[in-house]
Amino acid sequence: MTKLEKKITVISNWFLSRPKTTGVMVFSVFFVILNLSIFFKYQISKENEEHEMVNLLHVVKKNIEQAFKNNYAALITLALSIDDSGEPKNFEKISEELLNKYENIDLLQLVPDGVIKYTYPLKGNEAVINFNILNDSLNREAALKAIKSKTVFFSGPLKLRQGGLGIVGRLPIFKKGKFWGFSAVVLKYDNFIKSTGIANFKSDKYYLQLSKVNPLTRKTEFFLENKSDFSNKKFKEVYLPEGNWKLYVISKNNSDLHEIIPLIILAFLFSLLSGLLTNTLLKRPAELQRLLLAQKTKIEESELLFKSIFEHAGLGIVHTNSSNGKFLYGNDKFCELIGYNHDEIKDLDFMRLTHPEDLPNDLYYLEELRKGNIAQYSLEKRFYHKSGKQVWVRITISRLSVIDQNLVSHIAIIEDISCRKEAEFESLKSKKKINDIIDSIDGVVWEGNLEKPGVSFVSKKSEIILGYTPEEWLNNPLLWRKILHPEDKEWVIAFTDQNAKSLKPIDFEYRLIHKNGNVVWVRDIVSVYHEEENIKKFRGILIDITKSKQFELDLNNSLQLVTEQNKRLLNFSHIVSHNLRSHTSNIESLIDLIEITEEEQERKELMELLKSVSKTLNQTMDNLNQVVSIQTDMNTVLEKLNLNQYIKKTIEVLRHKIIKNDVSIINNVSNETFVKFNPAYLESILLNFFSNAIRYRHPDRKPQIILDSYIENNYIVLEIKDNGIGIDLNKNGDKLFGLYKTFTSYKDSKGVGLFITKNQIDAMKGRVEVESVLDVGSNFKIYFNNATEENLHHR
Amino acid sequence: MQQKKIYIIDDDPIYKLVTKKLIEKSSLFSETKEFSNGSEALNYFENTTDLPDILLLDLEMPEMDGWEFLEEFCSLENKIHKYSSIYIASSSIAVEDKEKSKKYKCVKEFLSKPINMDKLKHIAHKD
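Protein sequences, first through last, are from chains A and B.
Residues 1 to 795, numbered by our numbering, are exactly what the first sequence covers, in order.
Residues 1 to 127, numbered by our numbering, are exactly what the second sequence covers, in order.
These are calculated hints, taken from the structure and not from any lab test.
There is no bait here: all hints are sound.
Computed, partial: chain A to chain B, Cβ under 8 angstroms:
#: 1; residue: S577
#: 2; residue: H578
#: 3; residue: S585
#: 4; residue: D592
This one's a predicted model, so the numbers in the text were calculated from it and none came from an experiment.
For each residue, glycine too, the CB sits at the ideal point set by N, CA and C.
Here chain B stands alone, though its shape is the one from the complex:
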């Protein structure tokens, strides 16, 4: 099975570091990239059209939060005809957020932090 690319968008540096380490240790994915907020990631995708197979997206971020990013990203996907499986990884346990996420087609699943090895395996197998 060919390993997939997984990118992380989150403003929490500790989370990013820990998650990255965990992904590396899991050896389930081929490549990892991280972004501090939505706009940073979107800029990258627009410029490179390098869309990963899987995106781990946080919701609470400065400048451009997860929801704004979703809006922009979905239209970008349609534009460049490349698609990613988005997994929302939020510390929020609010039901509203979970419900809201279902409205976005590109969102595969709503996951609660922390992302652990089991969740990574789940993502890798599901996708």
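Chain A extracted, bound-state conformation:
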């Protein structure tokens, strides 16, 4: 653009952007120009008009003067008819000729000394004869003026005596230098007007007027039509001395200015319209111009913004040719990321910088992008820094095809994720380490939550300890419940549920069934974690304690055994001390007595007593021996014995007593009931219970013994029910199976039988229980142990 063009553009823009100002200016210019042209036109037309009016005036004046000239000729002819004596000759004849000659003359007169003496035609005008015009105020001045000037003088129009309006032309006649009178013509006004052409004058623009100052009133009188005042109108006038008249040409329009006012208004309206139109027309471009400008500013701003974003972004941004992978332009961050400067990167392509392992993936997606199958993709890959070290980046690539149709390019946004990757590797490493550690723990580490059954994590050790892989655990939420030992299932579930609800950490032991069917004793240590609010996690470690449990159970069994034996031993020692002491003290006392007794008879008696004491002592020693043998002989032989056979044998042994006391025995024990027991013990036990049932029979009723047997858990139970005197268990329960504990006054109660019986049963790992009501009967239950060795582990 040249300087001028630029200036024009600036100016036009200035106008375009200011529609109101421009509108006003257009209006003003139009208005001024139009008014000027109107003014000039007005000037010209005014000149034309004046010219026209002057011409017109001249024509009319000429016509009038012509008319006067005709009259003048007539008057002179008439005057010449007067002879020297002052007598008219042939007045009537001449008048007739004249009247014929001049159409517009109505009447001819001769007025000697101002008195009308002759009139032609007389007919109709008799009234004027002898009328002295010099005496008439109306005519006197004009008559005198004519005399004085010695020229024709026209007076009127005036009212004629004979009627109508007329113009009277009078020519003073001098005879021998002496005023004789007048020759006069009377022109009918209408005819006169006609003859001058005034009557026939017709124009759109003008009209004519004729005026004369009334000699009497001294007022100007007008004679033609349209007598309205025209002083404010445009007119031209000319003076007619013959009649002291003034002839006017008057423009019909009031004023010339009136003529141009509509034009000015029109011009004003036109200018206004033009101004408004300009305004309206310019307004749109102005609006557009403004928008354009705003848009331009915006674009400039956003361009600046984008440029600054591009340049100073915290992310690397690079524009790449998709066809050859060459970098077109990269921002500072990108250069910094790969270690090359802006110029160097233009010679590089991304393939050269990408780690070979990551390249195929990148190229695959780029191809997809080029084909237009995808618009964008992101991946994590490694770039080689100029220094050779690897840079982990996350790269997001978008197609960029709009800039140049021929160039398929893409824009890549690159984020340095080396730190994150490193952290990830570290995290993976430490996670692996933790997992290794967890897997190396000699126990199953698990994790679960309150909401869902099952576990969310199980360590690999579960495969070794329980036979189930972590996958099996994760796939079956109910696995744990499934493999709980049937005997533990109920209480373990109840216990864990209760503690889970109250979020209590627990440490407990129970049994699980290994996949191979073995029983595994575990210790489960469960803790509660609050990972997030509302999310409670349980983590536990399941330790195989089968071996230690076995030891514990064995130990417990041993302890129980030892405790039992200890108790028995203590009891035994008490028994020994008590029983032996009672005998020894008796012996001591007896010996004391013997020593102080002098009488022979008495001494003998005391010696007898001493003997019996020693016998009893011996008996006691025997009993104790028996007990000791049971308690010490731990390896008593076990045999499978038919219970019923032994019952029958016992009944046979007691046959005598049974018959003697009329005892009825109801035996409900089946022949197929077998117990593992020592035969001698079984005989002894049965004999003891049967004997007791008979011995402590109720005196008021027929003794009855009912035998029953059944299986309860791992025991075969034999019930021996009698209807004897019963035992007050509250009082004597603890004494029942004690040695030398008797609680009846029966003579043959020794307090030995049940003690030995109990010892025998205990030695066979059985037990004995008793139910009894005083005066109703007793029910002894003998529990024969039927369990296999491995099932001896009970809680």
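Use these hints to put chain B onto chain A, whose structure you have.
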């Protein structure tokens, strides 16, 4: 000094016989009675209100042993407002029994069998 009544409660007939002979020989007591167990003695006391000055009580007895007897006897004493000095004579040398006996107010002393002349003298003088 007026001699006192001494009764024996024990299930061992030999002991009773020997002790009775010893009491007779000692001439320290006015009267001796013997019972085989606690209930037998208690029945007698309830029926007769004949409470001795001194009771020699064994602990190990059938039907009603020494401890049960003590319970019943103490309440009986309070009921009839007669009181006896009880000496436990047991063959037991268990410390527990000795300690337990101290809980009973009516028990004067815990003696171990055999009861010999010295012990009888001790009882007679002490009471």
